[in-house]
Amino acid sequence: MTGVRLDAVSKIYPGRRGRPPVAAMDGLDLDIAPGELLVLLGPSGCGKSTTLRSLAGLETPDSGRIVQGDRVVFDSAQRLDVPPERRNIGMVFQSYALWPHKTVRANIGYPLTARKLRKPGWVEEAAALVDCSELLDRYPAQLSGGQQQRVGLARGIVARPDLVLLDEPLSNLDARLRDQVRTQLHELHRRLGFTGVYVTHDQVEALALGDRVAVMRAGRIEQLGTPEDVFSSPATEYVADFVGFTERLDVTRTTGGWEAAGRPLVGLTTVCSGEPDKGATLRFRNDDVRVLPRGTDPDGLVGLGYATVLDRSFLGRSVELTLDVVDGGVLRAHLAPGDGLASAAAGDLVTVAIAADRVLAFGRGRTSASSTSRAAS
Amino acid sequence: MKLTRLPPRARAATAIVGAAVALLVAACGSAPAAPANAAETTPEWAQVLSDASREGSAVVYTSFRQNQQDALLDAFHAKYPAIDVQMSRVVAGVAGKIQAEKQTGAAGADVVVTTEAQLPDQLAPAGDLMTIEGPHAEQWKGSPHFDGKSFPATFNVWGLTWNTDQVKQAVTTYRDLLRPDLVGRIGLLDVATGPAVADFYQFLEQTQGPDYLAALARQQPRFYPSAVPLQQAAVAGEVAAIGMVVPDVREDERSGAPVGFALPDPAWAAPQVAFGVTWAKHPNAARVLLDFMMSPEGQNALALNGVSALPGTSGLVPIDKVRISPVAPSTPDAIKQFDARWGELFRK
Amino acid sequence: MTAVDTAPPAPVAIRERRRPRSATLGLVVLVALLGYLVLVPLIQLLVAVAEGGAAAAGNAVAGRGLGSAIVTTVVLTLGSLAIAMVLGVGMAALSVRLPRGWRWTAVLPILPVVAPAVASVTGWAFLFSPRSGYANALLRMVPFVGGDSGPVDVYTAPWIVVITGITLSSFVYVFVRTGMLNLDRGLLEAAQVAGLSPGRAFLRIQLPLLRPVLVYAAGISLLLGLGQFTVPLLLGTASGVEVLATRIYRFTADTPADYAAAALVGSPLLVLGIALVLLQRLALGDQTRFVAHSGKGAWRTSRPVRWAPVPLLVFALVAVVLPLAALVVVALSPFYSARIQPSMFTLANFTRLFRTPFVLDAVMTSLMASIAGALLALVLGYLAATVIHERRWPRTARMLDVLVNLPLGVPAVVYGAGFLYAYSRPPVVLYGTDAVIVVVYLTLMLPYATRSLLGARIALGDDYLAASRVAGAGPLRTHLQIVVPLMRAAIGGAVALMFVLLTHEFTASLLVRSGTTQVMGTKLFDLWSNGSYPQVAAMALVMTGITAAGVVVAMAASGGSNPLERL
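Chains as they are written, first to last, in UniProt numbering: chain S, 1 to 377; chain W, 1 to 348; chain C, 1 to 567.
Just chain S, with the same shape it has in the complex (with noise of 0.2 Å):
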């Protein structure tokens, strides 16, 4: 088992057709620890794939080197880059890529030939780690999505590679099966304890399976933490959004504090450090927002002001509100089905405020992680 490292890594994608070029990955560093399972989190176009397949040989990065326990596999300088074949990995796949034309056995199996490695008995048990035992006669097609994924995971395992690379494997799945595979391959890693990347736009699947997520943007590593860090520390306002702060209120200094729309802020009184005259930006969950009957004083809270309702929806384990901030943009509440205001109805006027050390602050005016703090008072 080893680690591997990424040293400045990069690749852009020249602009076609007049727009300008794409950075994939920017100067990226990283290093995965042996038996480390590392998550790489984004939207899509945020690189974490390239980065993948760079890791896997399958794309050439422009610059920087890759290290791969003590072999290096990609070095610019050298010009050296190992094909995929003898990088030693396991790779599972968004689309499964059971090749239709083999049984699961020989599917399975495929790893072990390709590298002729005898090793009766490998097949079998990868098979049985997954719970395909019974299905190695069997040919892809006559499988369900799940089974694909399992039999896609063995797959990935059986020659116990050193480095396991999982790219979306849950995506393609419904929801209820995705949380049983996701569990599934969580107990996988804590057995064979195998070094993996896993790439995701799920943070869910990113908080659950990852020992530490990396959130990237735009080929850049934006946060690295582990997935408690990340959640309830972003660093920056836009992993803040991704590990769903979603609703962001903006705010102007004053001499005397903050206000919103020319409105005070009551109680939130500490913020951002730098950059006081750009303003910043409040990052709060929606199921913090607080709705308080029209008038009340939002005691202890930070009051955003009076809201209109303008719709209603049931949500099931909660009550959606989307509510029209006065000056303050559109925000989203949501309630436990038992709070007094979740039967509001739309055109209803409400006060909203949120508890102040459920914000997030970040300063205005730069993208990157430097200015913010949390608004505590």
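Keep in mind that the hints are not guaranteed to be accurate.
[Unchecked claim] Below, in silico cross-link-like pairs of lysine to aspartate or glutamate (EDC-like), each with a Cα-Cα straight-line distance of 20 Å or less: (1) W:LYS141 to W:GLU297; (2) W:LYS321 to W:GLU205; (3) W:LYS141 to W:ASP121; (4) S:LYS102 to C:ASP463; (5) W:LYS149 to W:GLU138; (6) W:LYS336 to C:ASP254; (7) S:LYS102 to S:GLU124; (8) S:LYS102 to C:ASP462; (9) S:LYS116 to S:ASP162; (10) W:LYS168 to W:GLU297; (11) W:LYS102 to C:ASP462; (12) W:LYS168 to C:ASP148; (13) W:LYS102 to C:ASP254; (14) S:LYS102 to S:ASP81; (15) W:LYS141 to W:GLU44; (16) W:LYS79 to W:GLU44; (17) W:LYS79 to W:ASP121; (18) W:LYS149 to W:ASP121.
In short, the hints are calculated from the structure, not lab data.
Mind docking chains W and C on chain S? Use the hints.
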């Protein structure tokens, strides 16, 4: 020499050398005039025959009609079963084909039979013509038709044909073609088909009077690019009558086609000139075939559609009943001139 | 981050390059080979023009009729294009509205492509020869038609246009029908819900949506029309109807052949052809043309048109059944005449045909060259498709894409002249050998092979290959064990399609054949030019039979789907 085993170039080279040797042998004096049967046993000819058998086949590009091909091949294969002669009917563009074969060394014709009577004269200066040598060729020595390199394998005579479904009254003379009931219903060949056709039109002028062609043009004839389709057009009834038909149309008549055939007096006959090429892949088989075509048997087989140049051979008609082409000057300039005149008459 | 500052591990001793020399070398060989096959014939023609100079230009314009040949070419192209578009689009629109039980009739409009053109054109001639044509004889029995000639004269320009149009309509049909099947049905339903009648929905919604397909189909028809050779050559010669393509042929068939003049006459066709290929690349350069049709078979019209099969059946009757029937009658008759006499029917024409020297050879050469040409084109096409698809050498890939498509754009008669000229002189002298036919066929099939395989490869996606590579298999093993088996159907279909197209091939074959190296089409033409009609008909039937067998194999190999739709 086992020609088939060699690569194409080598084969061509060997063939040329072989032909050159044959030419040398021929130049060094031939066997004294002797009866054909005896001559066949001369050592030289025996060698040719055995080499020809080893070559096994010969390819002929020919203007012969099907009945002539059949008759000739039946007679030839009966006598020389070891030599498989393959005849391919090539009328237009035969000169281009053999030139291409000469230049590229490609497999192709050993012997050519063509209605383009000037072709041997065009090829001779470059030394392309095989010297024709053999026991029967010997008999032709001194004939005005034989210069040692080419000879008229036969003369195909042209007659008149009419479709009996289309016209009630037989069309037996060239004058008949001017009948009012045939307006728009006669078929002719374009002069562009070849110099022989130009010569035929001049034969019409000579025998039918200077105004005849203008009168023929007024009949609104329909033009065909070559002789066989023209003939089939008459059989099919596409045209009612034609004045340029080879007597093999009578085979259609015999198989029930609604056609009649008449031979005018005088009739015009076109030589089918035969020669061998020096780059022949089967030079000895070619010599045997050419010699056979000069024999009385060969001449009889070929004279089905006309006249033989070999005295004593009975053709379809005696040679003094026909006018042998060319009846008019056949220099390129003269032909060009006539083409222009024809164009004014027949092309609007 | 942890362990950032540990010392970098020493690079392993083995240097492994992503682009091993052998791959680059292989690429160079492939590009050189394809470049030679595709470009050398055209370059040789240009050299011929340069050498011929002013004299060639003089010959090209000398003689009567260059002007009228240009006019005829334009009229033939536009006229047949118009007919083909109307027929093709109309039949395509009907073919997607067939009632249950009649869906099989959708295959009928493709049949004219399946029957060899030389064969069906002779069939048309037997039907519509002005006096002796069977169909004309029948038509004359219709009151008010009468007369002893006509009403149709197949040897005149208007009917040459019509016949060419019918032939081209099959191509338009295939493209437009495929386009219609891939249309989002929701859009049409939305239009009908919005109150448009089906007819108006077709005109107002469907046709505009199909514009890219229509433009593509029209472009292909335009190219085929410009290079149209078979119909004008067989039917136009008698009445002096000449187009640029037949003029090119005559320059090469003359003695001595004038390649410079042929090339000059062909240059407008060459330029237009190359321009269209480049235009198409520009328009469809991002390969969206190959997006896999997932919605195949999803087309279920809510409202089938009950009479829809009728025009399709009539088309098949007129375009295929009647010419074939005419061929059968003539082939069985001792001579061709308007009067059909069953009592005289005989098989003698067939026995006679096979005793004719070089006929059997021609059949064998056709079969051998078609199989060899298709297989070789398959290998080169597979390699080309691989290079084009993988973005590893983007510039080379773009170049290859244009290169392999050139034989589709440049008319076969121009290519044929180039082949004849190029392979009749050093360094590669192939004239008169079977090899020249194979090389010509291989070159002509490159676009078809590459397109079919590229389409299949794109539809296959990259994951199957990536999965094999990361599993430890090298490129060779990946192609042999994964890609080729997965593309089996496409490969089979492509080979069969090429086989059919090649057994049909007439134009280029006619230019490069020699006296003794012939294929079925050229032998048929020789018989047509100076043989007997019954033997022409017999030969045409033999040729049709062999290609029909090829089509059956094609259908079987591509899993019952229509291989033509793969284009």
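Outcome of the hint check:
{"no.": "1", "hint": "W:LYS141 to W:GLU297", "result": "18 Å, holds"}
{"no.": "2", "hint": "W:LYS321 to W:GLU205", "result": "18 Å, holds"}
{"no.": "3", "hint": "W:LYS141 to W:ASP121", "result": "18 Å, holds"}
{"no.": "4", "hint": "S:LYS102 to C:ASP463", "result": "15 Å, holds"}
{"no.": "5", "hint": "W:LYS149 to W:GLU138", "result": "12 Å, holds"}
{"no.": "6", "hint": "W:LYS336 to C:ASP254", "result": "16 Å, holds"}
{"no.": "7", "hint": "S:LYS102 to S:GLU124", "result": "16 Å, holds"}
{"no.": "8", "hint": "S:LYS102 to C:ASP462", "result": "17 Å, holds"}
{"no.": "9", "hint": "S:LYS116 to S:ASP162", "result": "17 Å, holds"}
{"no.": "10", "hint": "W:LYS168 to W:GLU297", "result": "40 Å, violated"}
{"no.": "11", "hint": "W:LYS102 to C:ASP462", "result": "54 Å, violated"}
{"no.": "12", "hint": "W:LYS168 to C:ASP148", "result": "14 Å, holds"}
{"no.": "13", "hint": "W:LYS102 to C:ASP254", "result": "16 Å, holds"}
{"no.": "14", "hint": "S:LYS102 to S:ASP81", "result": "30 Å, violated"}
{"no.": "15", "hint": "W:LYS141 to W:GLU44", "result": "19 Å, holds"}
{"no.": "16", "hint": "W:LYS79 to W:GLU44", "result": "19 Å, holds"}
{"no.": "17", "hint": "W:LYS79 to W:ASP121", "result": "31 Å, violated"}
{"no.": "18", "hint": "W:LYS149 to W:ASP121", "result": "10 Å, holds"}
When the structure is compared with the earlier hints, violations turn up for hints 10, 11, 14 and 17 and for no others.
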